[in-house]
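Colleague: Sequences listed follow chains A and B, in order.
In this text, residue positions in the first sequence follow the UniProt record's numbering: the first is 1, and each later residue adds one.
In this text, residue positions in the second sequence follow the UniProt record's numbering: the first is 1, and each later residue adds one.
Treat the hints as calculated values from the structure; they're not laboratory data.
Built from N, CA and C at the ideal position, the CB exists for glycine as well.
One thing to keep in mind: the hints can contain errors.
Selected chain B positions facing chain A (in silico; Cβ < 8 Å) [unchecked claim]:
hint, residue
1, Arg12
2, Arg19
3, Trp23
4, Leu33
5, Phe34
6, Gly38
7, Ser42
8, Val66
9, Asn70
10, Gly116
11, Ala140
12, Ala145
13, His146
14, Thr156
15, Leu158
Stretches of chain A that chain B covers, calculated by requiring three or more beta carbons in the stretch to come under 8 Å of a beta carbon on chain B [what the hints assert, rightly or not]:
hint, region
16, 32-44
17, 132-143
18, 240-246
19, 302-314
Simulated crosslink set (SDA-like; lysine to any residue; CA at most 25 Å straight-line) [what the hints assert, rightly or not]:
hint, chain 1, residue 1, chain 2, residue 2
20, B, Lys124, A, Asn223
21, B, Lys124, A, Lys361
22, B, Lys124, A, Gln325
23, B, Lys124, A, Lys354
24, A, Lys354, B, His134
25, A, Lys361, B, Ala141
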Amino acid sequence: MPVNDPADAPMTRHRWPALLAIALIVGGVALAFGWIAGWLTPGRLTPQRFTNAIESGNGQIYRGYRRAHAKGVCVAGYFEGNGQGVALSSARLFAPVRTPFAGRLSIAGGSPYGLDGKARVRSMALELNSDDGQQWRMAMNSFPFFGVSTVSAFYEQTRANTPDPATGKPDPAKQAAFLRAHPEFARFASWAKSAPWSTSWANTTFNGVNAFRFINARGDVRNVRWSMQPQAAFAAMTAEQRAAADGNFLSEDLQARLARAPLRWDMVVTLAQPGDPTADPAQPWPEDRQHVTVGTVVIESSTPQANGACRDINYDPLVLPTGVQGSDDPILAARSAVYSVSFNRREHDIASGKADTAVGKTAAPEARP
Amino acid sequence: MNDLHPARLAPRHFNLTARVLHWSMALAILAMLFVGIGMVTSLSLRPTLVSLHRPLGIAILLLAIVRLVNRLRHRPPPLPADLPRVQVLAAKASHWLLYALMFAMPLIGWSMLSAGGYPVTMFKGFNLPPIVPHDATVYAALRGAHTWLALLLFATVLLHLAAALFHAWVRRDEVFPSMARGASPTPASAAPEPAGVSPRDSGDNDADS
Chain A
1 MPVNDPADAP
11 MTRHRWPALL
21 AIALIVGGVA
31 LAFGWIAGWL
41 TPGRLTPQRF
51 TNAIESGNGQ
61 IYRGYRRAHA
71 KGVCVAGYFE
81 GNGQGVALSS
91 ARLFAPVRTP
101 FAGRLSIAGG
111 SPYGLDGKAR
121 VRSMALELNS
131 DDGQQWRMAM
141 NSFPFFGVST
151 VSAFYEQTRA
161 NTPDPATGKP
171 DPAKQAAFLR
181 AHPEFARFAS
191 WAKSAPWSTS
201 WANTTFNGVN
211 AFRFINARGD
221 VRNVRWSMQP
231 QAAFAAMTAE
241 QRAAADGNFL
251 SEDLQARLAR
261 APLRWDMVVT
271 LAQPGDPTAD
281 PAQPWPEDRQ
291 HVTVGTVVIE
301 SSTPQANGAC
311 RDINYDPLVL
321 PTGVQGSDDP
331 ILAARSAVYS
341 VSFNRREHDI
351 ASGKADTAVG
361 KTAAPEARP
Chain B
1 MNDLHPARLA
11 PRHFNLTARV
21 LHWSMALAIL
31 AMLFVGIGMV
41 TSLSLRPTLV
51 SLHRPLGIAI
61 LLLAIVRLVN
71 RLRHRPPPLP
81 ADLPRVQVLA
91 AKASHWLLYA
101 LMFAMPLIGW
111 SMLSAGGYPV
121 TMFKGFNLPP
131 IVPHDATVYA
141 ALRGAHTWLA
151 LLLFATVLLH
161 LAAALFHAWV
171 RRDEVFPSMA
181 RGASPTPASA
191 APEPAGVSPR
201 DSGDNDADS
């Protein structure tokens, strides 16, 4: 531009190297940004691409719903610490106080109309708001350990279970290839096949699965996992009973039970020994590890998720209070990242008016497989 | 805005506060943009980067307040008189855009977390209060704005960087030195002498003190 600029005239000769240097510097910064964003590496696994794979696996996008564990109900109640956890963690809720929560009980699967009798995995999520202003979010599952150890294997599992557009069912060849590539999945497959199904959310054990670190007031750090163990007696359900059960039997059962009395689970913390793996959620710790019961989860009421508090909560398991930290488990960080994308997408669906069913403006169709 | 003042009264350099704020915030904002894009596209680094992103964002907001006050109280050096009109316009518009985004980005981030129902954690045990209600529609709008304005900020920062280097290496005018350093002693006064004595630098050093 400054061709007619007298101030520049003497240096016109030297201008091109300078312009080139500027272009290289600015272009380099832009490229670095694009590389981190994943724009230059379409093959790199990002939370967005992982969420895309989950959406594909669901067969369709259910607007306004969680992309995983889409079907569930909101619950409310409190956690009551018994004081035993204070020695392990400085988190306020381990003191003998009541900490209210907004929670959610759900079944695995991407369809909000999934059949309760077909969902192998159930889950419990809690957002606990303690009186020191801190928050603890938990997202727990009925399986005792994860199927895979790494994020890429988790992604491959999702891809292998994606329905083939031609048949509407997962490709058995891809599933077999996944199993061959991931022998560690056998433990989970065996659990899924042989563990008895319980009759209710109320008598299901929910496991944190991922390892966390508890830090007490003295600064001592312990690696832990935890479970919510039901006080309601376990009752098993046969395959015939499940097939005959109503598609929404879990929420119907929950309402019936809550009409009689609150539901309770003991929070049992498992303490790792040195050497117990924290980075592998597929590896359970030995049975003989010390267990400490630190308090009780009490559910007092439930609300449909379309208008319940849980609808707009992202149960990111890494929202943690003082006294609790995430571990080096890579699945834990990945859950946090993918949940965030899932949350952003469903809130965007709701905001853009695409989610009338999810927010209860139109009735849901009947449950279907 | 400096057009009404005689050039000899105008400072040739930004004052020390402005320069320190400019360079520290340049680093912070560039880091923030990279942390931001990294934390939303990484399956492993998100927890670490999020815990850095939130307090750094609020730090930038606080620095932006100090910077705006300083900017309004101290006249910046004028642009070179021979700068083409379109570049003058681009310079002024991009500077005010940068100021607007320095305030908007942290405030939108804070509002967005509030609307999403997230704790606005600065560090473990200290959360900022929510500043907008927990609401899906508000969250979605703010979350989208945070991304698009971040990309606009990044583009503006790149433009600013390119323009600064253009002034430094192509035009070789007073623009880059006015932010790169304070007033140096005049050639006539090579002896160690308080810089403020030089009449040439009076505007700058007044602002420095």
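Colleague: Which numbered hints does this structure break?
Modeller: Those not satisfied are hints 1, 2, 3, 8, 9, 12, 13, 14, 18, 21, 23.
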